[in-house]
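Chemist: The primary structure of each chain is shown beneath.
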Amino acid sequence: MQKIEEMEIQSSSDVVLVRQAVRQFAIELGFGLVDQTKIVTAASELARNTLDYGGGGTVTLETLQNGGRRGLRLTFEDQGPGIPDIELALKDGFTSGGGLGMGLGGAKRLANEFEIESVVGEGTRIIIVRWK
Amino acid sequence: MADLGNTVVWTDEGKCPMEMTHSSKIPEILKTHEAELLSEWNQELVATNTRKGLIKEAELQVECREFLKLLRIAAQSGNLSNIQASEWREVREMLTSISRSRSHKGFTPTETATFIFSFKRPLFDRLRQLLHDPTEIGDEIWQATDLLDRLGLMAVEAYQKSREEVILRQQEEMMELSTPVVKLWDGILALPIIGTLDSARTQVVMESLLQKIVETGSEVAIIDITGVPTVDTLTAQHLLKTVTAARLMGADCIISGIRPQIAQTIVYLGIDLTDVTTKATLADAFLMALKRKGTTITRK
Numbered sequence: 040m041q042k043i044e045e046m047e048i049q050s051s052s053d054v055v056l057v058r059q060a061v062r063q064f065a066i067e068l069g070f071g072l073v074d075q076t077k078i079v080t081a082a083s084e085l086a087r088n089t090l091d092y093g094g095g096g097t098v099t100l101e102t103l104q105n106g107g108r109r110g111l112r113l114t115f116e117d118q119g120p121g122i123p124d125i126e127l128a129l130k131d132g133f134t135s136g137g138g139l140g141m142g143l144g145g146a147k148r149l150a151n152e153f154e155i156e157s158v159v160g161e162g163t164r165i166i167i168v169r170w171k
Numbered sequence: 037m038a039d040l041g042n043t044v045v046w047t048d049e050g051k052c053p054m055e056m057t058h059s060s061k062i063p064e065i066l067k068t069h070e071a072e073l074l075s076e077w078n079q080e081l082v083a084t085n086t087r088k089g090l091i092k093e094a095e096l097q098v099e100c101r102e103f104l105k106l107l108r109i110a111a112q113s114g115n116l117s118n119i120q121a122s123e124w125r126e127v128r129e130m131l132t133s134i135s136r137s138r139s140h141k142g143f144t145p146t147e148t149a150t151f152i153f154s155f156k157r158p159l160f161d162r163l164r165q166l167l168h169d170p171t172e173i174g175d176e177i178w179q180a181t182d183l184l185d186r187l188g189l190m191a192v193e194a195y196q197k198s199r200e201e202v203i204l205r206q207q208e209e210m211m212e213l214s215t216p217v218v219k220l221w222d223g224i225l226a227l228p229i230i231g232t233l234d235s236a237r238t239q240v241v242m243e244s245l246l247q248k249i250v251e252t253g254s255e256v257a258i259i260d261i262t263g264v265p266t267v268d269t270l271t272a273q274h275l276l277k278t279v280t281a282a283r284l285m286g287a288d289c290i291i292s293g294i295r296p297q298i299a300q301t302i303v304y305l306g307i308d309l310t311d312v313t314t315k316a317t318l319a320d321a322f323l324m325a326l327k328r329k330g331t332t333i334t335r336k
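Line by line, the protein sequences give chains V and G.
Counting from 1 along the first sequence, just add 39 to a position and that's the residue number in the numbering used here.
Counting from 1 along the second sequence, just add 36 to a position and that's the residue number in the numbering used here.
Excised from the complex, chain V in its bound form:
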């Protein structure tokens, strides 16, 4: 049965809650410890980006079933300033804030599927999927 949950990301304590919810979903899907840690870490990066760069937003957690495969899809959305140059933003070491500049690229590497849409002045949507 598919399970969907939407959560607000408005403060750094929300980031912690997102991590916990993602971990819970991953455990229920029967993810191994490594897969759990990967998706939780990716969620942590993206949730913090939503908060720090997007000015807050939401995340939707969805369980997926594709034949025998089970997965977890996370959709991060914000109505922030958007990303002018996505390729640059994905480059390791690039940061417009004060971070390490590894978060977005790292999240992409930690997920099996990664999709990013961003319109300057309108917002950003990032979708990641991790399959079991």
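Hint data in this document are derived by calculation from the structure and do not stem from the laboratory.
Below are the SDA-like pairs computed for lysine to any residue, each with C-alpha atoms no more than 25 Å apart in a straight line:
| hint | chain 1 | residue 1 | chain 2 | residue 2 |
| --- | --- | --- | --- | --- |
| 1 | G | K277 | V | S135 |
| 2 | G | K277 | V | L129 |
| 3 | G | K315 | G | V303 |
| 4 | G | K219 | G | A319 |
| 5 | G | K61 | G | T150 |
| 6 | V | K130 | G | D308 |
| 7 | V | K147 | G | D234 |
| 8 | V | K171 | G | Q300 |
| 9 | G | K315 | V | L72 |
Given chain V, put chain G in place with the hints provided.
Modeler: Chain G alone, transformed into the frame defined by chain V:
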């Protein structure tokens, strides 16, 4: 406040204190019928008080008497709609202190607000008995209910605030408690981190570590992250900052407690920890630190 007749005076809060209130009979009723109001209010409170163990009846009576007195004095000003005004200061202070003590004693918000709301029936009864014109009764009841609602809400707000203060204090205590720096050996410190390493935590961790390095003159500090559930780029950045700061103080850091899943995640994230010595367990890190100091452990 002087009676300004038809002139409308807007206060800082944007409310109009003089509207409708100049003709109210409530101040007069509070003054002349204080004793009856008090006893009826008391009965009302005792009847609704389901938590007899939490507060003594005598204490409740004293609170009621004192509160009613302050209410009467404040009401004599004629201002019944703006309880933020200076003439209501003493009422506000007393109400705040009552709410705080209710919160500490374990009352619910409803029970706290009932302290105020239960005054409605005695006051309304009085208004109905003493006034005869239905429109006037309606107006007066409206004013009374408006005033008591505001006071009730204020009581709940004060209650809420005192709860939030408790949470805040606990958070601070937890932060202090959860970052102990322990001396493992002469010149070797350990810092077990448990929980989420956010910016505020890092600040506390860094401060206590650097302080302890100075105090003990330690050369090696082991930061153990076994209890950190998620290591993302922000956590890594905070760790690296702490390591760099310790290095500036002349101490080398070893990061221990890196579990297999964390190691894999760090690799995928692309975080460069090559400048930092890392070990899987605190025991390994401790052995390494001892070796650096030229100490060896032998079994007898």
